[in-house]
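Visitor: Now for the letters of each chain:
Number of protein chains: 2
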Amino acid sequence: MRTVVPFDASDPKTRLAPVLDGDERRAFARIMLGAVLDSLRSLGREPAVIATESIDCASPVIVDDRPLDVAVNDVLETADGPIAVVMADLALATPDALDRLSAPDDDVVLVPGRGGGTNAIVARHPDFRVDYHDGSIRDHRRIAKEVVGDDGTIAEVDSFRLATDVDEPADLAEVLLHGEGASATWLRAKGFELSVTGGRASVIR
Amino acid sequence: MRTVVPFDASDPKTRLAPVLDGDERRAFARIMLGAVLDSLRSLGREPAVIATESIDCASPVIVDDRPLDVAVNDVLETADGPIAVVMADLALATPDALDRLSAPDDDVVLVPGRGGGTNAIVARHPDFRVDYHDGSIRDHRRIAKEVVGDDGTIAEVDSFRLATDVDEPADLAEVLLHGEGASATWLRAKGFELSVTGGRASVIR
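Chains Z and R, in that order, are what the protein sequence lines are.
When the letters of the first sequence are read in order and numbered with the numbering used here, they come out as residues 1 to 205.
When the letters of the second sequence are read in order and numbered with the numbering used here, they come out as residues 206 to 410.
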């Protein structure tokens, strides 16, 4: 299945600005992207990156500086088979977790992200289109229902690892708690450690 | 498999105090507990509640006002077979999600909760004990490794629905986004609605 990973190469992870400066955010975003691509390739996929500008990368890169929805929908419109769209910031995404995307053979498969996002999609129906604003999972459910109609099927993959995209400082705690790969290693090298007093874990640096 | 659901009947969900008063928190905690118990019973389980004080409930209630760890470990120590421990505030836990607890036949099965918690456990090894402080998933992993040794096995269930315990106001957004049951209905009746501007969804009342 053709798999694309959209990536903001210019100003990624702005909501991490309280804890990482601009260069660090670009570096960390690239680390997370690389880990997602490695995991996909280990499953036999050949992912392509849709990046806002040219980047040096072990996978093919499609440079498209249009807004995310336009760039992804262009891929969906011109596809001649199923397309998977996987977010680049899934720092807990193991090969096992990503392999769960392949299991359902439904016309549209959605993976919710925390806070209402949509962290991965498999579109087997030619008319499915994305709409990645805030709370996008609700709209993707609606769009999926509209396009598959009464005869089609929709599935959701229930995965904590795939639901955990890394956008906010508190998300870094999840990486340190559950990540065994390059993203956790990078954070530890930058001096981040867990702080687990009073409710949920957070990070200190 | 014997299944117990610990429940703080006296002062539950204190971190929801910014948005719910004491009576509301007690009512909402009972609604979530009831939904978890209903889902477990729909799977053929006969869950028992371990409550800090007597409550009116459709499932058997063991009243134990000792600290959570002591009460749960007492159940584990006196068990003559596998024990599942499921948190009472898993408002997104559908029967399908809870059924995933039964699939692995490992000696210890852990379900991580957001922020380092442990939202469900299946203990088949007689020596496993709980330690539910902050960041408990790390200690439960360590305890599990110690008791199962080289020959035993440990599994984790990767579920967003089971990882989402409801402790903080932001968690209510997940209930409104993904919950189809009594907890979401109760929140809507109390005037909560989603606010999805600027990153992750939150709630307004």
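For the record, the hints were derived by calculation from the structure and aren't laboratory data.
Careful: at least some of the hints might be erroneous.
With a straight-line cut-off of 25 Å between C-alpha atoms, the simulated SDA-like cross-links for lysine to any residue are [as the list claims (entries may be wrong)]:
#  : chain 1 : residue 1 : chain 2 : residue 2
1  : R       : 395       : R       : 229
2  : Z       : 145       : R       : 387
3  : R       : 350       : Z       : 181
4  : Z       : 145       : R       : 385
5  : Z       : 145       : Z       : 135
6  : R       : 350       : Z       : 138
7  : R       : 350       : R       : 276
8  : R       : 395       : R       : 385
9  : Z       : 145       : R       : 405
10 : R       : 350       : Z       : 182
11 : Z       : 145       : R       : 402
12 : Z       : 145       : R       : 229
13 : R       : 350       : R       : 331
14 : Z       : 190       : Z       : 169
15 : R       : 350       : Z       : 94
16 : Z       : 145       : Z       : 170
17 : Z       : 145       : Z       : 80
18 : Z       : 190       : Z       : 55
19 : Z       : 145       : Z       : 65
20 : R       : 395       : Z       : 55
21 : R       : 350       : R       : 308
22 : Z       : 145       : R       : 386
23 : Z       : 145       : R       : 331
24 : R       : 350       : Z       : 135
25 : Z       : 190       : R       : 331
Visitor: Now, for every hint given, state plainly whether the structure supports it.
Guide: Comparing the hints with the structure gives:
Our distance criterion of 25 Å between C-alpha atoms is met by residue 395 of chain R and residue 229 of chain R, whose separation comes to about 9 Å. This hinted pair checks out: residue 145 of chain Z and residue 387 of chain R have alpha carbons roughly 24 Å apart, not beyond 25 Å. Among the hinted pairs, residue 350 of chain R with residue 181 of chain Z is consistent with the structure: their alpha-carbon atoms are about 21 Å apart, no more than 25 Å. With a CA separation close to 17 Å, the supplied pair residue 145 of chain Z and residue 385 of chain R stays within the 25 Å bound.
Among the hinted pairs, residue 145 of chain Z with residue 135 of chain Z is consistent with the structure: their alpha-carbon atoms are about 17 Å apart, no more than 25 Å. For the given pair, residue 350 of chain R sits about 40 Å from residue 138 of chain Z by alpha-carbon distance, which is inconsistent with the 25 Å threshold. A distance of roughly 22 Å separates the Cα atoms of residue 350 of chain R and residue 276 of chain R; the hinted pair therefore holds under the 25 Å criterion. Under the criterion of a C-alpha separation no larger than 25 Å, the hint pairing residue 395 of chain R with residue 385 of chain R is consistent with the structure, at around 16 Å.
Between residue 145 of chain Z and residue 405 of chain R the CA atoms are separated by roughly 23 Å; this keeps the pair inside 25 Å, and the hint holds. The straight-line distance between the Cα atoms of residue 350 of chain R and residue 182 of chain Z is roughly 24 Å, inside the 25 Å bound, and the hint therefore holds. Our distance criterion of 25 Å between C-alpha atoms is met by residue 145 of chain Z and residue 402 of chain R, whose separation comes to about 24 Å. The suggested pairing of residue 145 of chain Z with residue 229 of chain R is violated, with an alpha-carbon distance near 35 Å, which exceeds 25 Å.
A distance of roughly 13 Å separates the Cα atoms of residue 350 of chain R and residue 331 of chain R; the hinted pair therefore holds under the 25 Å criterion. Between residue 190 of chain Z and residue 169 of chain Z the CA atoms are separated by roughly 14 Å; this keeps the pair inside 25 Å, and the hint holds. For the hint pairing residue 350 of chain R with residue 94 of chain Z, the CA-to-CA distance comes to about 21 Å; that is within 25 Å, so the pair holds. In summary, the hint linking residue 145 of chain Z to residue 170 of chain Z is not supported, as the alpha carbons are separated by about 33 Å, beyond the 25 Å threshold.
With a C-alpha separation of about 21 Å, the suggested pair residue 145 of chain Z and residue 80 of chain Z falls inside the 25 Å cut-off, and the hint holds. Among the hinted pairs, residue 190 of chain Z with residue 55 of chain Z is consistent with the structure: their alpha-carbon atoms are about 23 Å apart, no more than 25 Å. Simply put, residue 145 of chain Z and residue 65 of chain Z have alpha-carbon atoms about 29 Å apart, too far for the 25 Å limit, and the pair is violated. Between residue 395 of chain R and residue 55 of chain Z, the direct Cα distance comes to roughly 49 Å. Violation of the 25 Å bound is thereby established for this hinted pair.
About 20 Å separates the Cα atoms of residue 350 of chain R and residue 308 of chain R, which keeps this hinted pair within 25 Å; it holds. Under the criterion of a C-alpha separation no larger than 25 Å, the hint pairing residue 145 of chain Z with residue 386 of chain R is consistent with the structure, at around 21 Å. Our distance criterion of 25 Å between C-alpha atoms is broken by residue 145 of chain Z and residue 331 of chain R, whose separation comes to about 48 Å. The suggested pairing of residue 350 of chain R with residue 135 of chain Z is violated, with an alpha-carbon distance near 39 Å, which exceeds 25 Å.
Of the supplied pair hints, the one linking residue 190 of chain Z and residue 331 of chain R is violated, its CA atoms being roughly 41 Å apart against a limit of 25 Å.
Violation of the numbered hints given earlier is confined to hints 6, 12, 16, 19, 20, 23, 24, 25; the remaining hints are satisfied by the structure.
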